[in-house]
Structures are given as C-alpha cells and as structure tokens.
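Asker: Sequence:
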Amino acid sequence: MKQENNLPKISIVTPSFNQGPFLRQCIESVLSQNYPNLEYIVIDGGSHDDSLSIIHEFEPHFAYWVSEPDKGQSEAINKGFRKASGELVAWLNSDDYYLPGTFEHVIKAYQINPHAPFYFGDGYRVSKTGEVLTHFFPKNSLTFDRHALVMGLNYILQPSTFMNRNCLEQIGYLNTELEYGMDFDLWIRLSTLGDPHPIHGVLSANREYNTTKTSTGSFKRIEELRRISLQHSGLEMTPGILRYMFDTLYKFAKTNENIFPGWYQKDVMKLWKRTGRLMAQFDANKDGFPRRSSLASFLKNKIK
Numbered sequence: 001m002k003q004e005n006n007l008p009k010i011s012i013v014t015p016s017f018n019q020g021p022f023l024r025q026c027i028e029s030v031l032s033q034n035y036p037n038l039e040y041i042v043i044d045g046g047s048h049d050d051s052l053s054i055i056h057e058f059e060p061h062f063a064y065w066v067s068e069p070d071k072g073q074s075e076a077i078n079k080g081f082r083k084a085s086g087e088l089v090a091w092l093n094s095d096d097y098y099l100p101g102t103f104e105h106v107i108k109a110y111q112i113n114p115h116a117p118f119y120f121g122d123g124y125r126v127s128k129t130g131e132v133l134t135h136f137f138p139k140n141s142l143t144f145d146r147h148a149l150v151m152g153l154n155y156i157l158q159p160s161t162f163m164n165r166n167c168l169e170q171i172g173y174l175n176t177e178l179e180y181g182m183d184f185d186l187w188i189r190l191s192t193l194g195d196p197h198p199i200h201g202v203l204s205a206n207r208e209y210n211t212t213k214t215s216t217g218s219f220k221r222i223e224e225l226r227r228i229s230l231q232h233s234g235l236e237m238t239p240g241i242l243r244y245m246f247d248t249l250y251k252f253a254k255t256n257e258n259i260f261p262g263w264y265q266k267d268v269m270k271l272w273k274r275t276g277r278l279m280a281q282f283d284a285n286k287d288g289f290p291r292r293s294s295l296a297s298f299l300k301n302k303i304k
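Residue numbers (UniProt numbering): 1 to 304.
Warning: the hint list may mix true and false statements.
Straight line, CA to CA, 30 Å or less: simulated DSBU-like cross-link-like pairs of lysine-lysine [said to hold, decoys possible]:
#1 108 with 251
#2 251 with 220
#3 128 with 266
#4 251 with 270
#5 9 with 108
#6 71 with 83
#7 9 with 83
#8 254 with 270
#9 220 with 266
#10 79 with 220
#11 79 with 128
#12 128 with 251
#13 71 with 270
#14 254 with 266
#15 273 with 251
#16 71 with 251
#17 108 with 220
#18 71 with 9
#19 254 with 128
#20 79 with 108
#21 108 with 83
#22 270 with 220
#23 128 with 71
#24 273 with 220
#25 251 with 266
#26 71 with 108
#27 254 with 273
DEER-style ranges, computed between Cβ atoms [unchecked claim]:
#28 50 with 270: 45 to 53 Å
#29 175 with 264: 30 to 38 Å
#30 127 with 177: 45 to 53 Å
#31 111 with 270: 44 to 52 Å
#32 176 with 261: 36 to 44 Å
#33 175 with 195: 17 to 25 Å
#34 114 with 257: 47 to 55 Å
#35 270 with 147: 25 to 33 Å
#36 56 with 259: 21 to 29 Å
#37 169 with 113: 29 to 37 Å
#38 266 with 169: 47 to 55 Å
#39 218 with 100: 29 to 37 Å
It is worth saying that the hints were derived from the structure and are not from the lab. Values in this document were obtained by computation on a predicted structure and should not be read as measured data. Ideal placement from N, C-alpha and C gives every residue a C-beta, glycine not left out.
Please work from the sequences and hints to get the whole structure.
Answerer: See the structure below:
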C-alpha cells in the first residue's frame with residue numbers, strides 16, 4: 001500500500017504465549033500489509049519457547065512489546081489496547097494470520113462509515129498446518145443480527161474484526177473475568193453503540209486444532225457462554241447456547257466411544273437436528289450458523 005499521510009492509524013495487538021511455531025507467520029502477515037500508518041503491539045505472557053528470539057528479530061517494527069506473566073488472554077489483550085492510539089484497533093492471536101489486502105478492505109470500510117463501532121469481515125478456518133477447512137461466509141453473505149447474537153449465535157469471526165477505538169474505550173475493553181467468550185461479550189456491548197459495518201472480503205485465517213481454547217473449553221466454555229447470554233438476554237437458556245451444548249456433547253461422546261457408542265452419538269445429532277428449527281427465527285441454519293455459511297452442512301453430513 002502506498003504512503004498516504006491522511007490514512008487512519010491501525011493498531012494491532014498480538015497476545016502470545018509459547019506460540020513459537022505460529023508467531024512468525026502471524027507477525028509477517030501484519031507487516032506484509034505494507035500499511036504506512038501501522039502501530040503494532042506484541043504482548044507476550046513470558047514464553048519459554050523460541051518466541052522471544054522471533055520477537056527480537058522483528059523488534060524494530062513494533063511500537064511496543066513486552067514479555068511478562070499476565071492473568072490470562074483478556075488481560076494481555078487489554079494491556080495492548082491501552083497502549084493503542086490508532087483510530088482502528090484489532091487483536092490478532094499469534095496462531096492466526098491476516099490475508100493479503102486485509103488492511104485495504106478495512107480502510108475502505110472505515111472511510112465509508114467512520115462511526116461504526118466495529119467492522120467485521122469474512123475469513124477461512126484453517127488447520128494447524130494452514131490447510132483451508134472451511135470458508136466462513138462464501139458468496140459474500142455476511143449478515144449481522146444483534147438479536148441473534150444476544151441469543152448466543154456468535155458467528156462473527158474474531159480475527160476478521162476491527163474496532164473503532166473510541167467505541168472500544170467507551171464500553172471498557174474486554175471483560176478480564178472471561179476466558180472463552182470475551183469476544184462474544186465484546187461484540188454485544190459494542191453493538192449497543194450502533195450497527196457494525198460488514199466487509200465483503202476475506203480478511204483472515206483462523207487456525208483450529210485440538211489444543212486451542214475453543215477446542216478444549218468443553219463444558220466450562222458452555223457455562224461461560226451461557227452466563228454471557230443470560231446477562232444480555234435475561235434468559236437462562238438460549239437457542240445459540242443449545243447449539244454449543246450439542247456440539248460439545250457430540251465431541252465429548254466421540255472422544256469417549258467406550259462409554260458413548262455410535263448409536264448414542266447419532267441420537268445426540270438427531271436431537272440437535274430437531275431443536276434446530278429454533279434457528280430459523282434468526283435466519284440461521286439448524287446448526288446455528290448463518291444461512292449460506294459453508295458450515296451449514298455440518299449436521300447434514302453427520303446425520304446419516
């Protein structure tokens with residue numbers, strides 16, 4: 001991207017802890033945007049792998065970095081947010097990465113609608129090795145429905161989301177008491193300030209593998225998401241949280257087949273399918289993902 005003095009500043013915060021195998025790709029994906037008004041902040045939690053050697057290699061490109069123990073991911077990200085001075089702020093976890101042209105898409109959206117609380121785009125879910133697993137919103141079918149979000153259907157892809165710093169400061173950053181659903185809670189609170197702006201472009205790759213928090217959270221993750229949804233909806237249980245429950249229950253049964261055999265796993269999926277009718281009121285498929293999402297075939301493929 002060519003130098004332009006009037007471009008808004010973009011502040012990127014990367015929290016990291018012992019993510020050496022992925023950290024280089026993450027950093028390079030930010031720097032390769034060649035954005036002239038970039039503020040890049042790295043918050044390391046005191047890693048003891050090769051992360052620090054990678055950080056030192058790229059140190060001249062950072063506006064700020066630190067390596068010290070913290071109380072969790074939310075606190076680390078907030079530490080970076082408080083250092084940020086850009087009009088636009090985002091966090092990119094160290095095992096995710098941006099795709100070419102991401103910042104151009106974001107800046108165009110900001111120039112069209114500079115007062116939106118956040119800007120969200122499309123992306124890929126990729127494996128540990130970077131193989132594309134799914135396209136999150138094929139055919140540019142991004143949608144935002146705050147009611148659906150409050151009801152627990154969080155289909156905003158975190159690494160493809162950029163925030164208006166003024167709005168972020170107004171709502172008070174991430175809730176540091178949350179471990180799994182801090183982004184879900186943040187989108188709900190930001191959306192009280194206005195409608196977010198969709199970006200019809202593929203912005204990031206969100207890595208999924210068996211040791212990510214999303215994969216390992218299990219029933220603790222469900223309970224945290226349920227409490228977030230309760231806080232914002234007033235309901236003890238919502239359709240979106242039911243979707244997470246069935247997803248988690250199926251995965252648990254699948255990994256404990258000696259106790260939960262195949263017939264039970266199929267029954268879980270059948271029950272999920274029957275309760276899936278609840279999702280139609282939120283313009284979502286039976287699995288809780290938006291209509292037209294490439295993830296929508298999950299139940300169809302699982303239930304034979």
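Asker: If a hint holds in the structure, say so; if it doesn't, say that too.
Answerer: Verification of the hints:
1. The straight-line distance between the Cα atoms of residue 108 and residue 251 is roughly 40 Å, outside the 30 Å bound, and the hint therefore fails.
2. Our distance criterion of 30 Å between C-alpha atoms is met by residue 251 and residue 220, whose separation comes to about 14 Å.
3. Taking the CA atoms of residue 128 and residue 266, the gap is about 28 Å. The hint holds against a cut of 30 Å.
4. With a C-alpha separation of about 14 Å, the suggested pairing of residue 251 with residue 270 holds against the 30 Å cut-off.
5. A C-alpha spacing of about 13 Å is found between residue 9 and residue 108, which places the hinted pair at or below 30 Å, so the restraint holds.
6. Distance hint between residue 71 and residue 83 is fulfilled; the C-alpha atoms sit about 18 Å from each other, no more than 30 Å.
7. Restraint check for residue 9 and residue 83: the C-alpha separation of about 13 Å stays at or below 30 Å, so the hint holds.
8. Our distance criterion of 30 Å between C-alpha atoms is met by residue 254 and residue 270, whose separation comes to about 15 Å.
9. Under the criterion of a C-alpha separation no larger than 30 Å, the hint pairing residue 220 with residue 266 is consistent with the structure, at around 24 Å.
10. Using a Cα cut-off of 30 Å, the hinted pair residue 79 and residue 220 holds, with the two alpha carbons roughly 25 Å apart.
11. Proximity of residue 79 to residue 128 is assessed by CA-CA distance (about 27 Å); at most 30 Å being required, the pair is judged to hold.
12. Distance hint between residue 128 and residue 251 is fulfilled; the C-alpha atoms sit about 18 Å from each other, no more than 30 Å.
13. The straight-line distance between the Cα atoms of residue 71 and residue 270 is roughly 40 Å, outside the 30 Å bound, and the hint therefore fails.
14. A C-alpha spacing of about 10 Å is found between residue 254 and residue 266, which places the hinted pair at or below 30 Å, so the restraint holds.
15. Between residue 273 and residue 251 the CA atoms are separated by roughly 16 Å; this keeps the pair inside 30 Å, and the hint holds.
16. Between residue 71 and residue 251 the alpha-carbon distance is near 29 Å, which keeps this suggested pair within the 30 Å criterion.
17. The hinted pair formed by residue 108 and residue 220 fails the criterion: a straight-line CA distance of about 39 Å is larger than 30 Å.
18. A threshold of 30 Å between alpha carbons decides the hint, and for residue 71 with residue 9 the separation of about 29 Å falls inside it, so the pair holds.
19. This hinted pair checks out: residue 254 and residue 128 have alpha carbons roughly 20 Å apart, not beyond 30 Å.
20. Proximity of residue 79 to residue 108 is assessed by CA-CA distance (about 28 Å); at most 30 Å being required, the pair is judged to hold.
21. At roughly 25 Å between alpha-carbon atoms, residue 108 and residue 83 fall within 30 Å of each other, so this suggested pair holds.
22. Our distance criterion of 30 Å between C-alpha atoms is met by residue 270 and residue 220, whose separation comes to about 24 Å.
23. A hinted pair counts as satisfied when its Cα atoms are at most 30 Å apart, and residue 128 with residue 71 qualifies at roughly 26 Å.
24. Between the alpha carbons of residue 273 and residue 220 the distance comes to roughly 23 Å, so the proposed pair stays at or under 30 Å and holds.
25. Our distance criterion of 30 Å between C-alpha atoms is met by residue 251 and residue 266, whose separation comes to about 12 Å.
26. Pair hint residue 71 plus residue 108 does not hold up; C-alpha atoms about 36 Å apart against a cutoff of 30 Å.
27. Restraint check: the Cα-Cα separation between residue 254 and residue 273 comes to about 17 Å, which is no more than 30 Å; the hinted pair holds.
28. The hinted window of 45 to 53 Å between residue 50 and residue 270 holds, with their beta carbons roughly 47 Å apart.
29. Judged by the Cβ atoms, the range 30 to 38 Å given for residue 175 and residue 264 holds: they are separated by roughly 36 Å.
30. Distance hint check for residue 127 and residue 177: the Cβ-Cβ separation is about 31 Å, which falls outside the suggested range of 45 to 53 Å.
31. Checked against the hint of 44 to 52 Å, the pair residue 111 and residue 270 passes, with Cβ atoms roughly 49 Å apart.
32. As the Cβ distance of residue 176 to residue 261 is approximately 41 Å, the hint placing it in 36 to 44 Å holds.
33. Judged by the Cβ atoms, the range 17 to 25 Å given for residue 175 and residue 195 holds: they are separated by roughly 22 Å.
34. Between residue 114 and residue 257 the beta carbons are some 53 Å apart, a value that agrees with the proposed interval 47 to 55 Å.
35. A hinted range of 25 to 33 Å holds for the C-beta pair residue 270 and residue 147, which are about 27 Å apart.
36. At roughly 48 Å, the beta-carbon separation of residue 56 and residue 259 lies outside the given 21 to 29 Å, and the hint is violated.
37. In this structure, residue 169 and residue 113 break the distance hint of 29 to 37 Å, their C-beta atoms being roughly 19 Å apart.
38. Distance hint check: the CB atoms of residue 266 and residue 169 are about 49 Å apart, consistent with the given range 47 to 55 Å.
39. Checked against the hint of 29 to 37 Å, the C-beta distance between residue 218 and residue 100 comes to roughly 35 Å, which is consistent with it.
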